[in-house]
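The sequence shown begins at 34 in our numbering and counts up by one.
One or more hints might be untrue.
Unchecked claim - BS3-like mimics (lysine-lysine), calculated; alpha carbons at most 30 Å apart, straight line:
#, residue 1, residue 2
1, K47, K149
2, K149, K95
3, K118, K95
4, K47, K118
5, K182, K95
6, K175, K47
7, K95, K47
8, K95, K54
9, K95, K178
10, K54, K178
11, K149, K178
Read the hints as simulated data drawn from the structure, not as lab findings.
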Amino acid sequence: MSTSSTVAEILADKSRQPNRKGVYSVTPDVNVTDAIAMMAENAISSVLVIENGRMVGLITLKELLRGLHSQGAGLLNARCGHIMKVNPPVTDPTDTVDHLRVLMTELHITHVPVIKDDALLGIVSFHDIARSAIKDADFENKLLKQYIKNWPE
Numbered sequence: 034m035s036t037s038s039t040v041a042e043i044l045a046d047k048s049r050q051p052n053r054k055g056v057y058s059v060t061p062d063v064n065v066t067d068a069i070a071m072m073a074e075n076a077i078s079s080v081l082v083i084e085n086g087r088m089v090g091l092i093t094l095k096e097l098l099r100g101l102h103s104q105g106a107g108l109l110n111a112r113c114g115h116i117m118k119v120n121p122p123v124t125d126p127t128d129t130v131d132h133l134r135v136l137m138t139e140l141h142i143t144h145v146p147v148i149k150d151d152a153l154l155g156i157v158s159f160h161d162i163a164r165s166a167i168k169d170a171d172f173e174n175k176l177l178k179q180y181i182k183n184w185p186e
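Produce the entire structure from the sequences given, and follow the hints as far as they go.
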C-alpha cells in the first residue's frame, strides 16, 4: 500500500463491503459473557467499551485470553470494565496506512479505533489493512500487465 493511502480510505472501503458488520459496543458494567456472546453471534473479534458516550476501552480476543488466564472460569462473572484494554491506541482518519501498520505491528495489536475530534468514526482491524493491500497489489498487477502488453517494440 502506498504511503498516500489513509485510514479514511480504509474506512470508506470497509463501509462498501457487502458483509459490513459495523461497530459493536458495551458499557463497562456489562458481563463478559454478554460481550463474548455478542462477538460470537456477530462473528466479530472486538468490542468497544463506551461510557457516557466516550470510548474508554476495547476488548479483543487478546483481552479475553488474558482474562481467562488470570481469572479462569471467574472470567465469565467479570465485568467488561475489568478486562478491557483501557484507553487503547487510536488513529486519526488522516493517518497513513503505513503509519497504522507500524503502530499495530510495534504494539502487537489487531484493532485500532479511529477517532476525529473526540468522535468515534469506526475501527480498523489488521484484516482490513490486509484486504486493502491485496486490492492495491491486484490494481498494480493490472497496470503492469497493461504496460507490458503495450510495450513499444
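Outcome of the hint check:
In summary, the hint linking K47 to K149 is supported, as the alpha carbons are separated by about 17 Å, within the 30 Å threshold. Annotation: proposed proximity of K149 to K95 holds, straight-line Cα distance about 25 Å (limit 30 Å). Under the criterion of a C-alpha separation no larger than 30 Å, the hint pairing K118 with K95 is consistent with the structure, at around 9 Å. Between K47 and K118 the alpha-carbon distance is near 24 Å, which keeps this suggested pair within the 30 Å criterion.
A hinted pair counts as satisfied when its Cα atoms are at most 30 Å apart, and K182 with K95 does not qualify at roughly 47 Å. Under the criterion of a C-alpha separation no larger than 30 Å, the hint pairing K175 with K47 is consistent with the structure, at around 22 Å. For the hint pairing K95 with K47, the CA-to-CA distance comes to about 23 Å; that is within 30 Å, so the pair holds. At roughly 20 Å between alpha-carbon atoms, K95 and K54 fall within 30 Å of each other, so this suggested pair holds.
Proposed proximity of K95 and K178 is contradicted: the alpha carbons are some 41 Å apart, above 30 Å. Distance restraint check for K54 and K178: the Cα-Cα separation of roughly 35 Å exceeds the 30 Å cut-off, and the hinted pair is therefore not satisfied. Among the hinted pairs, K149 with K178 is inconsistent with the structure: their alpha-carbon atoms are about 39 Å apart, more than 30 Å.
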